[in-house]
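Undergrad: Each chain is listed here by its residues.
There are 2 protein chains.
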Amino acid sequence: MQSSKKPSPPLPHMFERYRSEIAKTLRTSISDLQLKEIPNLLKYHLGWVDQEGNMSQTASSQGKALRPTLCMFACDALNGDISGAVLGAAALELIHNFSLIHDDIQDQDIERRHQSTVWSIWGVPKALVAGDAMQAVGDLTALMTIESGVPVNVVLKVSEILTESYLEMIEGQCLDLQFETRTDISAEDYLGMVGRKTGALLRSSVHIGALIATDNTDITDAFSEFGSHIGRAFQIRDDYLGIWGDASETGKSNDNDIRRRKKSFPVVYGFEHASGSAKEELISIYNKEIDNDDDVAKVMTILEDVGAPQYSGHITEKSAELALSSISAIDLPHWVDQEIGDLINFLVNRQY
Amino acid sequence: MQSSKKPSPPLPHMFERYRSEIAKTLRTSISDLQLKEIPNLLKYHLGWVDQEGNMSQTASSQGKALRPTLCMFACDALNGDISGAVLGAAALELIHNFSLIHDDIQDQDIERRHQSTVWSIWGVPKALVAGDAMQAVGDLTALMTIESGVPVNVVLKVSEILTESYLEMIEGQCLDLQFETRTDISAEDYLGMVGRKTGALLRSSVHIGALIATDNTDITDAFSEFGSHIGRAFQIRDDYLGIWGDASETGKSNDNDIRRRKKSFPVVYGFEHASGSAKEELISIYNKEIDNDDDVAKVMTILEDVGAPQYSGHITEKSAELALSSISAIDLPHWVDQEIGDLINFLVNRQY
Numbered sequence: 001m002q003s004s005k006k007p008s009p010p011l012p013h014m015f016e017r018y019r020s021e022i023a024k025t026l027r028t029s030i031s032d033l034q035l036k037e038i039p040n041l042l043k044y045h046l047g048w049v050d051q052e053g054n055m056s057q058t059a060s061s062q063g064k065a066l067r068p069t070l071c072m073f074a075c076d077a078l079n080g081d082i083s084g085a086v087l088g089a090a091a092l093e094l095i096h097n098f099s100l101i102h103d104d105i106q107d108q109d110i111e112r113r114h115q116s117t118v119w120s121i122w123g124v125p126k127a128l129v130a131g132d133a134m135q136a137v138g139d140l141t142a143l144m145t146i147e148s149g150v151p152v153n154v155v156l157k158v159s160e161i162l163t164e165s166y167l168e169m170i171e172g173q174c175l176d177l178q179f180e181t182r183t184d185i186s187a188e189d190y191l192g193m194v195g196r197k198t199g200a201l202l203r204s205s206v207h208i209g210a211l212i213a214t215d216n217t218d219i220t221d222a223f224s225e226f227g228s229h230i231g232r233a234f235q236i237r238d239d240y241l242g243i244w245g246d247a248s249e250t251g252k253s254n255d256n257d258i259r260r261r262k263k264s265f266p267v268v269y270g271f272e273h274a275s276g277s278a279k280e281e282l283i284s285i286y287n288k289e290i291d292n293d294d295d296v297a298k299v300m301t302i303l304e305d306v307g308a309p310q311y312s313g314h315i316t317e318k319s320a321e322l323a324l325s326s327i328s329a330i331d332l333p334h335w336v337d338q339e340i341g342d343l344i345n346f347l348v349n350r351q352y
Numbered sequence: 001m002q003s004s005k006k007p008s009p010p011l012p013h014m015f016e017r018y019r020s021e022i023a024k025t026l027r028t029s030i031s032d033l034q035l036k037e038i039p040n041l042l043k044y045h046l047g048w049v050d051q052e053g054n055m056s057q058t059a060s061s062q063g064k065a066l067r068p069t070l071c072m073f074a075c076d077a078l079n080g081d082i083s084g085a086v087l088g089a090a091a092l093e094l095i096h097n098f099s100l101i102h103d104d105i106q107d108q109d110i111e112r113r114h115q116s117t118v119w120s121i122w123g124v125p126k127a128l129v130a131g132d133a134m135q136a137v138g139d140l141t142a143l144m145t146i147e148s149g150v151p152v153n154v155v156l157k158v159s160e161i162l163t164e165s166y167l168e169m170i171e172g173q174c175l176d177l178q179f180e181t182r183t184d185i186s187a188e189d190y191l192g193m194v195g196r197k198t199g200a201l202l203r204s205s206v207h208i209g210a211l212i213a214t215d216n217t218d219i220t221d222a223f224s225e226f227g228s229h230i231g232r233a234f235q236i237r238d239d240y241l242g243i244w245g246d247a248s249e250t251g252k253s254n255d256n257d258i259r260r261r262k263k264s265f266p267v268v269y270g271f272e273h274a275s276g277s278a279k280e281e282l283i284s285i286y287n288k289e290i291d292n293d294d295d296v297a298k299v300m301t302i303l304e305d306v307g308a309p310q311y312s313g314h315i316t317e318k319s320a321e322l323a324l325s326s327i328s329a330i331d332l333p334h335w336v337d338q339e340i341g342d343l344i345n346f347l348v349n350r351q352y
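Those sequence lines, one after another, are chains A and B. The numbering of the first sequence is our numbering, which starts it at 1 and goes up by one. The numbering of the second sequence is our numbering, which starts it at 1 and goes up by one.
Treat the hints with care, as some may be off.
[Claimed, not checked] Reference excerpt, derived from the structure (chain B facing chain A, CB under 8 Å, subset only): (1) L100; (2) H102; (3) K126; (4) L128; (5) D132; (6) D139; (7) L177.
Since the hints were made in silico from the structure, they are not lab data. The model shown is predicted, which means the values in this text are computed figures rather than measured ones. Idealized CB from N, CA, C, for every residue including glycine.
Modelling step: build the complete structure from the supplied sequences, incorporating the hints.
TA: Dropping the structure here:
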């Protein structure tokens, strides 16, 4: 695929701008946990320490912190007080990471962000508890926004949005589990599922940041919609990279999504649009264990033949356009418009 | 043991009085979940439906609903509006049951309340997600107290107490996991662990009910302390019944706690007080798989020889006394005093 050869656009400046503030708040939240062992599991998962609890030397296993960055940026863009937003931002990152720890158990994934997953090192019971702890700390951190002067009714709204969105996230995970045994999922079914599983928390990230800045619901609703569209753009690009991305950049095992018979967007599109012997082959490969590179290559060829990578790119770009148009009526400062452009360019064209 | 032969005191009237109101609220909370399958797992776990989703004919697999009943009673006792308390009560029951679903995964328990556990039927991934969903619905239900007229600052306080107490609960689970591989746990260590694992949510149940009724912190603090003590009384009685109780009444497999080498209070006490060959035997049995009735009988004899059942009874009664004295300065109506007496008699002497 041509597009996978292009260099990745740089990580937009906003990620750097809020990084240390977000990290500081996350560290404070987690260090409030009193138990010896579990905080280390959380810090390991977040890429701060290695398995033995020693400070990690590389930043490669740390995530992009997309959700907290979006929350901070939304608040900042609307001239809000980012010292209130940072607690909401940290809560979002904790909830996101709680879901990853549980997701890895659910999917029996042994690698994430270039390192072994928590359950694969410490076992299911401890990983389960670590996820629950991460989630509870996330909830508490959201409630703590009250201490930074956010009005009580806004704090309550933030908590409600956060809880509703991770309920949506869980619903998405359930649908995902149901999809595993089906070969008749439409692209539309898939978008509905992933909109819950990944989209809800991304939408909430932008929504919560906006809510901390303003009580104008026209604006907060528009930002929420913006978040929803960039969430889809992000996820479909992720699915694309899960097949055609460079594993050394994405941090996932090579060909992981096909080898694990993951029904990501390009695969679902392939099932919907392949016909004849290609479709039969696709079904037959997906009905057994995929244990050789030949099968992976065959699936990739079928997907490429029906134009799955192009269609994935089309949906990503379409979502980016919808994101832009959902906030086009809001008068934002020049720097904000510019950074939104950078953000969207990154989400649509990133290689990792 | 003599005391296990006595008939159980009746379930206090308060359980019956609030039952239908609590059940109605729980049903509403869960029916708001939109997914087809997961709500059935939750309803099954709660004993409302069987594995196929058909209405359950027996109530035997339903829990006592201790936590929501305590919440309603605390509010009622202080002349509060129980229509506000019932949402808090439902939230507590949901959080408690979330922890049971995850606990059963963690401990690989195959039976609870006379029926197979969720993970043993539907597998770990779905049980994990079902637990997460139960927890999120619990959080949302707590926030919904705002709609029954509870002031916003009280709603926030309720959410905070709930989240903090399930964080404590999780910390207790972690300690419990750590204890599994140790034979040097003191009775005091154990009480600290179980005070978190079980006590925190029981304490919060009483505390939340009181908070919805009054803003007098002398009273709410006293109720919280009362909850803490009856929580301990409840747990130590539970541990006693886990060894000397009648399995047909408790709903657990016969001799489950010893056979599973569970380090419950009497066992920890036994490790602390047995000496010489008895202690060596205890350690040797606990260091292998216990797969025959002989080993179980041997452990029971050692525990009985050091007086573990009597000491467990002593701690249960002592906790009950402390519970009573923590609210003795509060002037409560006669019916409340009477029902507190019934409650404590039940918790201390129950056979199930």
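Undergrad: Determine for every hint whether it applies to the structure shown.
TA: The hints, checked one at a time:
1. Annotation: interface hint on L100/B violated; nearest CB of chain A at approximately 13 Å, more than 8 Å.
2. Hint status for H102/B: holds, given a least beta-carbon distance of 6 Å to chain A, under 8 Å.
3. The interface hint given for K126/B holds, since its Cβ lies 6 Å from the closest Cβ of chain A, which is under the 8 Å cut-off.
4. Look at L128/B: its Cβ gets to within about 6 Å of chain A, closer than 8 Å, so that hint holds up.
5. With a cut of 8 Å, the hint placing D132/B at the interface with chain A holds, because the nearest CB-to-CB distance is about 5 Å.
6. Given hint, D139/B at the interface with chain A, holds; its Cβ is 5 Å from that chain's nearest Cβ, closer than 8 Å.
7. Interface restraint check for L177/B: the shortest CB-CB distance to chain A comes to about 6 Å, inside 8 Å, so the restraint holds.
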